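Visitor: Residue-level listing of the chains:
Number of protein chains: 2
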Amino acid sequence: MSQFDNVSVIKKSNVYFDGRCVSHTVLFADGTRKTVGVIFPSQLTFNTAAPEIMEVLGGRCRVRLAGESGWQEYAAGQSFDVPGNSSFEIETLELLDYVCHFA
Amino acid sequence: MSQFDNVSVIKKSNVYFDGRCVSHTVLFADGTRKTVGVIFPSQLTFNTAAPEIMEVLGGRCRVRLAGESGWQEYAAGQSFDVPGNSSFEIETLELLDYVCHFA
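Chains A and B are the protein sequences, given in the same order.
Per this note's numbering, the first sequence starts with residue 8, numbered consecutively.
Per this note's numbering, the second sequence starts with residue 8, numbered consecutively.
Heads up, some of the hints might be wrong.
[As the list claims (entries may be wrong)] Selected chain A positions facing chain B (in silico; Cβ < 7 Å): (1) Val14; (2) Phe47; (3) Leu64.
[Unchecked claim] Pair ranges (Cβ atoms, derived): (4) A:Arg71 - B:Phe87: 39 to 47 Å; (5) A:Ala83 - B:Glu96: 43 to 51 Å; (6) B:Gly38 - A:Phe35: 21 to 29 Å; (7) B:Arg71 - A:Asp37: 39 to 47 Å; (8) B:Ser49 - A:Phe24: 15 to 23 Å; (9) B:Leu100 - A:Asp88: 36 to 44 Å; (10) A:Ala36 - B:Ser93: 37 to 45 Å; (11) A:Trp78 - B:Asp12: 36 to 44 Å; (12) B:Arg71 - A:Gln79: 41 to 49 Å.
Calculated directly from the structure, the hints in this document are not laboratory data.
Predicted model only: the values in this text are computed from it and were never measured.
No residue lacks a Cβ here, since even glycine has one placed at the ideal position from N, Cα and C.
Let the hints inform the model, and build the full structure from the sequences given.
Guide: Below you can see the structure in the form of structure tokens.
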């Protein structure tokens, strides 16, 4: 499925980290929310409030979740889960195209 | 209206000009299409196929349409029309948040 149907989209973008991350928010009829966005090549630390699933649509990144010692690499078609009230470090090796699913 | 309702959103981003322009495509039930996106500070030339209306949500830019000698400045709340099969130069003075409406 390459698109989300029957949704609302917030017109204004979300810009984080001086523009290294840009996303748009998508709202679903069931009250859930996702963001579709990109992360430019960089090394960033994201803090989570709600648990989230990061789905990689394109590009390549290395990720280290809070409390873990190892880095895990993810590419198109792969996802990783991040707990709520936590954080993860992400090193984007190639422009990352993603969907972030919030619980 | 800060959001589009009852639409479809293409998950993958559109990335142009080495990432200086990033957008997501929104599809409407009537078959029309818009993009929501950002342009980072830069000076770019966009070519148009269909006529389009660029609606500025945030930031500031100077624009010169093909065949015109003067530049016109636009900020949040303003829009400009671009004919089809044409082009425009845009100098983004501050990160531009926009909706592009296609005819």
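Visitor: Next item in the hint list is Leu64 (chain A). Is there a CB on chain B closer than 7 Å to its CB?
Guide: 5 Å, holds
Visitor: Lying within 21 to 29 Å: is that true of the beta-carbon distance Gly38 (chain B) to Phe35 (chain A)?
Guide: 22 Å, holds
Visitor: Using Cβ atoms only, decide whether Val14 (chain A) comes closer than 7 Å to chain B, and label the hint accordingly.
Guide: Holds, because the Cβ-Cβ distance from Val14 (chain A) to chain B comes to roughly 6 Å (cut-off 7 Å).
Visitor: Do Arg71 (chain A) and Phe87 (chain B) keep their Cβ atoms within the hinted range of 39 to 47 Å?
Guide: Distance hint for Arg71 (chain A), Phe87 (chain B) holds at roughly 45 Å.
Visitor: Using the Cβ atoms, figure out if Arg71 (chain B) sits within 41 to 49 Å of Gln79 (chain A).
Guide: Holds, since Arg71 (chain B) and Gln79 (chain A) (Cβ atoms, about 48 Å apart) stay within the stated range.
Visitor: Do Trp78 (chain A) and Asp12 (chain B) keep their Cβ atoms within the hinted range of 36 to 44 Å?
Guide: For Asp12 (chain B) against Trp78 (chain A), whose Cβ atoms are near 40 Å apart, the range 36 to 44 Å holds.
Visitor: Range hint 39 to 47 Å: satisfied by the CB atoms of Arg71 (chain B) and Asp37 (chain A)?
Guide: Because 46 Å falls inside the window, the suggested range holds.
Visitor: 15 to 23 Å was suggested as the range; check whether the CB atoms of Ser49 (chain B) and Phe24 (chain A) agree with it.
Guide: Cβ of Ser49 (chain B) to Cβ of Phe24 (chain A): about 18 Å, so the range 15 to 23 Å holds.
Visitor: For the range 36 to 44 Å, tell me whether the beta carbons of Leu100 (chain B) and Asp88 (chain A) fit it or not.
Guide: 40 Å, holds
Visitor: A range of 43 to 51 Å was offered for this pair. Does it hold for the Cβ distance of Ala83 (chain A) and Glu96 (chain B)?
Guide: This hint is violated: roughly 34 Å between Cβ atoms.
Visitor: Kindly confirm whether 37 to 45 Å is satisfied by the beta carbon distance between Ala36 (chain A) and Ser93 (chain B).
Guide: Holds - the Cβ-Cβ distance for Ala36 (chain A) and Ser93 (chain B), about 39 Å, lies within 37 to 45 Å.
Visitor: Let me know if the C-beta of Phe47 (chain A) comes in closer than 7 Å to any C-beta of chain B, holds or violated.
Guide: Holds, about 6 Å.
Comparing the model with each earlier hint shows a violation of hint 5 alone; every other hint is respected.
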